[in-house]
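Asker: Heads up: the protein sequence lines correspond to chains A and B, in order. So the first sequence is residues 1 to 269, counted in this note's numbering. So the second sequence is residues 1 to 298, counted in this note's numbering.
Treat the hints with caution; some may be incorrect.
As the list claims (entries may be wrong) - Covered stretches of chain B (in silico footprint by chain A; criterion: 3 or more residues with CB under 8 Å from a CB of chain A, positions within the stretch not fixed):
hint, stretch
1, 20-34
2, 72-85
3, 97-103
Just so you know, the hints here were simulated from the structure itself, not pulled from any lab data. Beta carbons: idealized from backbone N, C-alpha and C, even for Gly.
Residue strings, one per chain:
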Amino acid sequence: MTALLLHSLQRVRTLVVVIGLLLSLLQFILILVARSIENSGQFAQLATLLPPFVRALMGPAVTAFLSFGGIVSLGYFEPGVIFAVVGLSIAVGTRIALEVETGFIDLILARPVARHRMVTRAIVVSVVSLSFVVALMLAGTWIGLSTLVPDNVERPAAKLILGLAANLGLLGMAWSSIGLAIASASRRRGVAGGVAGVLALVTFLLDYIARLWEPAKAFAWLSPFTYFSPLDLVTGGELPMKNVVVLGGIAVGGFVAAYLLFLRRDISR
Amino acid sequence: MAAISFDGLTKRYGGLTAVSNLRLEVAEGEILGFLGLNGAGKTTSIRMLLDLLRPTSGRASIFGHDCQADGLAARDHVGYLPSEMGIYPDLTGHQVLKLLGSLNHRAVEQKYVGELQERLTLPDSDLRRKLREYSSGMKRKLGIIQAFQADPPLLILDEPTEGLDPLMQDSFYELLADVQRRGRTVFFSSHVLSEVERMCQRVALLRQGELVLLSTVEECRKLAPRDVHVTFVADVAAPVGLPSTRVIQVSPRSWLLKVEGPLSPLLRELASLPVDDLKVSEVKLEDAVRHFYRGDAQ
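Chain B on its own, in the form it takes in the complex (with noise of 0.2 Å):
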C-alpha cells in the first residue's frame, strides 16, 4: 500500500488553478522530495493531505484512508512539520511539546523525545525557555521534535533545514536516514537540491501546479545545467563546438561554462589543454527547475 496516494487531485481558486491533476505515489519507506518554485503548489498539495485546504477535486490519501473523507485516521499517521511553525512565544519548549504530543493518539516515548534533543542539541534548559528567546535555528530544531516526537509512520516536511546551521542540518540528515532504516516514510518539499541528492530516492517536481518530473534524484541531477570554470596555465583559444556547453565568459587563461548532461565530452577537450584548475559548481535545484520553466524539459 502507498504511504501517500495523490489521484488527479486539483486545487482551483476562483480562476486559478493552484494544483492540477496531481497523480503520484510515495511508496512506504521511501523518502521523496517535492521540489518546484515558491508558487509551484507544493504547499498546497501538503494541506490537502492534511485536510487544511479542500480540494475542487481528486482525491488523496495516507495508508489508504481518503485525507478528506476519513481524515482522523489519515493524520493519524502523520508527523508534520510547517514552513514556519506557528507557535505562540510566550509558550515554552516543554509546553508546545507537551501541548502538541497530547494529541496525538500515538503514545510519546520521552525516551525517544530525549535522543531527539540529543541529536538535535536542544536540552532541556533550551526547552524550559520561553519561545520568544528562541532563534529560528532553536524554533526550526522545536519544530523537528513535535513532528517526530510520536515516531508516526509518515513524515510530511515543508522546508525541514530552512534556519539549521551545516552541522544541525547533518544530524537532520542522519536523523532521516534513521527513521528511513525503521521503515518510516518521507515525504519533504525543499529547494536545497544538495540535500534531496543526499537523502531521497526519488524526487517529484511541480511547475505552475501541474506534475512536471518524477524520476529518480540521479535523473534529476543530469538534467540541471552546471557551471564550470576552467583556468589555464598558459594562454589558448576559446572553446569551439563543444556539445550541450554555452560559453558564458572567455578570456586567454579562463573559460567560465555552462554544461548541461555529462561531463565527459569537455574533460576529453581540456585533457589536450594546459588546464591548472577546474571547478565545477554545485548543481542547485534553481538550475534544475529553470530548465523546466524555459520549457525545453520533456
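So here's chain A without its partners, still in its complex pose (with noise of 0.2 Å):
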C-alpha cells in the first residue's frame, strides 16, 4: 500500500508542486500590490471605481474588502484562485479513471491487493495534495506579510487567512470528492473530469447567478460555492459551521460514493 501511495503521489506532484507555487507566488504579488495601495493611501477611492453591481454583490464587505486585509485575503477567493484548486482537485480526484483507462489497474488488482485499497490510496493522496497547496499558499502569505509589510500597517488576522484557508481546502477536498465518486465509475479520465468540471462550473455559476438575482437563490443551497463565503469572514465573522458541515459531508458522502461504485463496478476500458 505504501508503494502503491508513494508512486500515486508522484504521479501528481509536479502538477500539485506547480499549482502550489504559483498560488503562493500570487499570495506574495497580491501582498505587494496591498502594500502599494496602502502606500499611496488609496483605498478609500478604489470604492467609487467599483461598478453598482460589484458593489451590491459584495454588499457590507465591500469597506473591508478594500482594504490592506482585504486584499491580501483575496488571494484564497478570487475565482482564478477558486478555479485552480477546484481543478486540482478533480484532476486529482479522477485519476483512477485514467487507471482503469491505461489499464495500469488490472497489473495492480491482478495481484492480492483489495479494491478498497485504491480508494482509499485516492482519498489520501487528494487530501495530501490538497493541504500541501494550501500550506504553500499560506506559506506564501506568510513570508510576504513578514518580508514586506511594514510595521505600522494593520496585518489581516490569523483566524481570518486560517478561516479562509480552511473553507478553500475544504471546498477543494468537496470536488475531489464529486470527482473521485465519479470516475470510480467510470472508464474515461477525460469523461469523468469533464462531467466533475462542467458540474462545477455549473454550480460555481448558479451560485454567483443566486447571490445577484432572487429568484435563484432558491436553487443555491445546491451549490457547493454556496458554502464557501468567504466575504463572511473578511468581514470578521467565524467561519460559518453550516459551511464546514455542508463541505465536510459532500466530500465524505462522494469518498461513501466512490468506495461502493468502485467496489461493485466492472473493471474494464
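Put the two chains together into one complex; each comes in its own frame, and the hints tell you how they fit.
Answerer: Okay, structure coming up:
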C-alpha cells in the first residue's frame, strides 16, 4: 500500500507543486499590490471605482474588502484561485479513471490488492495534495507579510487567513470527492473530469447568479460554492459551521459513494 | 485440487452474453491453451478469474479459493500478463518491476529476476531506460518478467508472445517448459496454434462465449483443414473422389487442395503420380476456429 501511495503521489507531484507555487506566488504578489495601495493611501478611492453591481454583490463587505487585509485575503477567493484549486482537486480525484483507462489498474488488481485500497489511496492523495497546496498558499502569505509589510500597517488576522484557507480547502476536498465518485464509475478520465468540471462550472455560476438574482436564490443551496463564503470572514465573522458541515458532508458522501461504486463495478476499458 | 475451476461461469452485458455457462478445470502443473476468435470471451473469462469483472452467475476459483469471495487469496497465487500492458511511459523498467513486485505477498528473488532478464535478453541497462524508449518487444519482455518475477504457482498469460521476435519466442517457450517442470500451472490465451501445439497439453476453445471444444492439442489439430500444394514433373489429370479433400485450384502440373483429417489417403493417391514437390501448410488456429464457426463441428 505504501509503495502504491508513493507512486500515486509521484504521479501528481508536478501538477501539485506547480499549482501550489503559482498560488503561493500570487499571495506574495497580492501583498505587494496591497502594500503599494496602502502606501499611496488610495483604498478609499478604490470603492468609488467599483461598478454598482459589484458593490451590490459584496454588500457591506466592500469596506472590509477594500483594505490591506481585504486585498491580501483576495488570494483565497479570487475566481482564478478557486478554479485552480477546484480544477486541481478534480484532476487528482479523477486519476483512478485514468488508471482504468490505461489498464494500469489491471496490473495492480491482478495482485493480492483489495479494491478498497485503491479508493483509500486516492483519498489520501487528494488530502495530501490539497493540504500541500493550501499550505504553500499560507506559506506565501506568511512570508509576504513577514518580509514586505511595514510594522505600522495593520495585518490581516491569522484567524481570517486560516479561516479562508480552511474554507477553500474544504471546498477543494468536496470537489475532489465528487470527482473521485464520478471517476469510480467511469472508464475514461476525460469523461469523469469533464462531467465533474461542467458540474463545477454550472454550480459556480448558480451560486453567482443566486447572489444577484432573487429567484435563483431558492436553488443556491444546491451549489457547493454557496458554502464557501469568504466575505463573511473578511467582514470579521467566523467560519460558518454550516459551511464546514455541508462541505465536509459532501466530501464524506463523495468518498463513501466512491467506495461503493468502485467495489461493485466491472473494471474494463 | 484444480489450479483453476470455472463452474457455470456466465457474464452478460444487458442482452449480450459474453461468457455462457463456462465449465472448465485446469489441472495443477498443466499448460492449457485458451483459444477463440476475438470477442469469443477469452479475456472476459480471464478478467473474471482476476475479479476485475464480476460474473452474472456461476463461480470461478483458483486453487480452491473463490475468485470473488476470496479474491485476495486466489490472486496471491497468480502472475498475470495482460494482452496490453497499461504502464506509464515515464517510468523505467526497474521502477515498474519494483512497484509491481512490492504488491505481491510473495518475495521477489532478485536472482530469479536476473535469470528472467538473461533469458529474455533484457539487461539492467534496458531496465534503467524509460518505457517510452521501449519497443513493443521490450515491453512484452518486461510484461513477462513482471508476471513471472514472484514465481507464482499459476501464470495467466493473455497473448504472451505478441510482439516477440522468433528467437525470443523460443526463449519464452523454454521458460514455460521450465516453470512447468517445477510444477507451475500455465493458462494462456493465444491465436498462434503452433505455439499452443508446442507448449500445451490441452486446449479449450470458446465460441461466442461458449466452450465448444476441450481436448488435447493433437485432437484439436486434426480438426483443422490444411492447404496442400502438389506440383508434378508431368501433366496429370485433375483429382477425383479424394476423401475429406476439397479442390481449390487445379492445373495440369499443380493441385491446390484443402484436406481435412489425415493425409494418408492423399499420399496413397500421389504415390502413383509423378510428384515433383509437396507443400503442406502449417495448421493455423484460424482454420480450426473457422471449422467450428461453420457449425459443422461437434
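Asker: Could you work out which of the previously given hints the structure breaks and list their numbers from low to high?
Answerer: The structure conflicts with hint 1 only, although it agrees with all the remaining ones.
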